[in-house]
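So the sequence lines, in the order shown, correspond to chains A and B.
For what it's worth, this note's numbering labels the leading residue of the first sequence as 689, then goes sequentially.
For what it's worth, this note's numbering labels the leading residue of the second sequence as 689, then goes sequentially.
Note that these hints are calculated values from the structure, not bench results.
Errors might be hidden in some of the hints.
To be verified - Interface residues of chain A toward chain B, partial, derived using beta-carbon atoms under 8 Å:
hint, residue
1, 812
2, 815
3, 919
4, 943
5, 948
6, 975
To be verified - Listing some non-contacts, in silico: residues in chain B with all C-beta distances to chain A over 10 Å:
hint, residue
7, 706
8, 738
9, 760
10, 768
11, 777
12, 826
13, 858
14, 859
15, 876
16, 946
17, 958
18, 999
19, 1001
The beta carbon of each residue, even a glycine, is placed where N, CA and C say it ideally should be.
2 protein chains.
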Amino acid sequence: MTLEATSEIEQRGGVWRFPADQPLRLDSGGRIEGLEIAWASYGRLNADRSNAVLICHALTLDQHVAATHPVTGKPGWWTRLVGPGKPLDPARHFILCANVVGGCQGSTGPGSVNPATGRPWGLTFPVITIADMVRAQAMLVEAMGVETLLAVVGGSMGGMQVLQWAASYPERIFSAVCVAGAARHSAQNIAFHEVGRQAIMADPDWRGGDYALHGTRPEKGLAVARMAAHITYLSEMALQRKFGRELQRDGLSWGFDADFQVESYLRHQGASFVDRFDANSYLYITRAMDYFDLAAAHGGVLAEAFSGARDIRFCILSFTSDWLYPTPESRHIVRALNAAGARASFVEIESDKGHDAFLLDEPVMDAALAGFLDSVCTARGLK
Amino acid sequence: MTLEATSEIEQRGGVWRFPADQPLRLDSGGRIEGLEIAWASYGRLNADRSNAVLICHALTLDQHVAATHPVTGKPGWWTRLVGPGKPLDPARHFILCANVVGGCQGSTGPGSVNPATGRPWGLTFPVITIADMVRAQAMLVEAMGVETLLAVVGGSMGGMQVLQWAASYPERIFSAVCVAGAARHSAQNIAFHEVGRQAIMADPDWRGGDYALHGTRPEKGLAVARMAAHITYLSEMALQRKFGRELQRDGLSWGFDADFQVESYLRHQGASFVDRFDANSYLYITRAMDYFDLAAAHGGVLAEAFSGARDIRFCILSFTSDWLYPTPESRHIVRALNAAGARASFVEIESDKGHDAFLLDEPVMDAALAGFLDSVCTARGLK
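Hey, can you work out the whole structure from these sequences and the hints?
Next comes the structure, spelled out in structure tokens:
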């Protein structure tokens, strides 16, 4: 079941099922047997298997990077970066993205059935980490016959996975791109996630995590969690420019309907989110992010985490108005990479769009990524 | 029932009941009959009634400025400013604070009984505004026989009321102090409030606002609302310094207990808040803040709102790390005051404590307020 280098199909996808004797070993000490990883790919693996790029997705995104999403019907989330003529081009690269373990788009997660009990895992699912996500990706990549990745690329939580790849499997990646990421979750990051988790767990339809068994869904709690999180993805300026104090209709309602457009927008964000995301996955993935502190296993010295990474080419990008993973977090990463002797290029991009800028129209980001990936291809001897 | 200038009691308090023929007229067009306003005072009104200072409280605070809180048993919330030897000294000033209309510490609010029905108002309570709060305060001050206030002082939502006083009753105030305030709520401000309201209304124990009739309390929803709001009161730096990634106990729990101290702290903030605050009051007061836009009634020109205020001495303070009502909001106020020809002193105070700095140990704030209030007393001919 390895991927054929001569595949005629440029766009593929599916669920990779690992045999029971290849469990995913977890940081918690546990293991997941019968691991399933949902993946999507674009382009073909070349003859010497040197053109594979792994994209790591953010908290609520998934493997549908560049194709229409099967649930929402919306275009892929990073078509700016992936597609014909784009920095990652299926004509040139084999581009792979996998739903993280703990997710809800086909990979094993708390919504999956525990083979040992025949019932959904719910809260009996083990707490996973960013390193566990990366370990599962490494298993997938290996199973597909890819020894070395040309690049690992990700934004936000995807950027955390990229850094983890560089720490866990430096010999298996040629370059690494971390956009709007961080090497650890700050107190404020944890605080916002905790608000979201408490909102979900406060919803009586959550049922202690066993909502699947009860036929309920904690939609109100999950919507509130999304609303709180969504504010952190945008800059104050972006919200002000987009909505200001604009009203939904003429005059105030003198009630608690959505009077302001920003209220209506947030409510819509919450309501549409629950259609595509699972509440328990939200708990587990936010927990993984909160637990993330790449330096912790290295005596608190981030450079030590990168001690094996000095041959990797790094590209670190941040946005001026990102207050979730602000530029100082990226500078902290760059300093550690420099201290480790790695090659790191760093660009702080002027943008007023906040954290979500990595998903939006930011030509400077596109140009930076195109330039970096081009140079990486050249260095790797790819045309 | 006017306050005696010769009162022997330095600290007083109670509930002022207005007769039915003195209703509170509301911006919404409605009215509240049988208005009750809970108040507390410190010091005595002098013979010429020229030493009265009104303090306006913030969203979740109340009239207990400088005395032990009857519910929580904690000291007053602004003992830094009010007390013997403090910038506002009961030996020198008559210091008054009233619970806002819509509140839950004794003033008429959604938790009060509607005299017309004999049942708690709940969501039939009219939506109120900052101007309505100020109108009720003006009624109280007049009823107490105070024609002119030496100063109106407030932080956060209290600062909004101070600005509203200057717009609504400029001839009745001699000076005005607005700390960490704003002349309008931004899109981000509204967004965070909307998250809190949705959290409350998502709680089934809220019962459409009629929880009092059902003997329930939407404690989980209100706690989530408080948690989300509380993050906005602190700077990222303050959270990082106070908690960082410190754990509650040795090692991670690998579950959803509060692993990090910041989680435990936030949960405590939520849990203790529900003991002292009413969910419907939270809805109404946040709504009043969201509706606040002082310039709106003046063609969007803030200076016009202050056209009658050119004889008032203003003191505007902001904090560098306050991202809820950041310094540009204060500068916007100061520019408008300058344009209106009013005397405005402005200090941006270097602090990493965030919005809550106005309640915390900030000697520069204390000094600025002491200096300003001293100069005001001198100008008013008070020793």
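Hint by hint, here is what the structure shows:
1. Taking 8 Å as the C-beta cut-off, the interface hint given for residue 812 of chain A is violated, the closest approach to chain B being about 11 Å.
2. Restraint check, residue 815 of chain A versus chain B: the minimum CB separation of about 4 Å is within 8 Å; hint holds.
3. With 8 Å as the threshold, the beta carbon of residue 919 of chain A comes within range of chain B, its nearest partner Cβ sitting at about 5 Å, so the hint holds.
4. Satisfaction of the interface hint for residue 943 of chain A is found here, the shortest Cβ-Cβ separation to chain B being roughly 6 Å, below the 8 Å cut-off.
5. For residue 948 of chain A, the suggested interface contact is upheld, since its CB lies about 5 Å from the closest CB of chain B, less than 8 Å.
6. Interface restraint check for residue 975 of chain A: the shortest CB-CB distance to chain B comes to about 7 Å, inside 8 Å, so the restraint holds.
7. The beta carbon of residue 706 of chain B sits about 22 Å from the closest Cβ of chain A, which is more than 10 Å, so the claim that it is off the interface holds.
8. Residue 738 of chain B, annotated as away from the interface, keeps every beta carbon of chain A farther than 10 Å; the closest lies near 39 Å.
9. Against the 10 Å criterion, residue 760 of chain B stays outside the reach of chain A, whose nearest CB is about 22 Å from its own CB.
10. Every C-beta of chain A lies more than 10 Å from that of residue 768 of chain B, the closest at about 26 Å, which supports listing it as non-interface.
11. No Cβ of chain A comes within 10 Å of the Cβ of residue 777 of chain B; the nearest lies about 38 Å off, and the non-interface call holds.
12. For residue 826 of chain B, the shortest C-beta to C-beta distance to chain A comes to about 22 Å, beyond the 10 Å cut-off, and the non-interface label holds.
13. Every beta carbon of chain A lies more than 10 Å from that of residue 858 of chain B, the smallest distance being close to 25 Å; the non-interface claim holds.
14. The claim that residue 859 of chain B lies off the interface holds: its Cβ sits roughly 28 Å from the closest Cβ of chain A, which is beyond the 10 Å cut-off.
15. Distance to chain A contradicts residue 876 of chain B as a non-interface residue, since its nearest Cβ pair spans about 5 Å, not more than 10 Å.
16. A beta-carbon of chain A comes within 10 Å of the beta-carbon of residue 946 of chain B; the shortest separation is about 8 Å.
17. Not every beta carbon of chain A lies more than 10 Å from that of residue 958 of chain B, the smallest distance being close to 7 Å; the non-interface claim is violated.
18. Under the 10 Å C-beta cut-off, the non-interface status given to residue 999 of chain B relative to chain A holds; the minimum distance is some 30 Å.
19. Against the 10 Å criterion, residue 1001 of chain B stays outside the reach of chain A, whose nearest CB is about 29 Å from its own CB.
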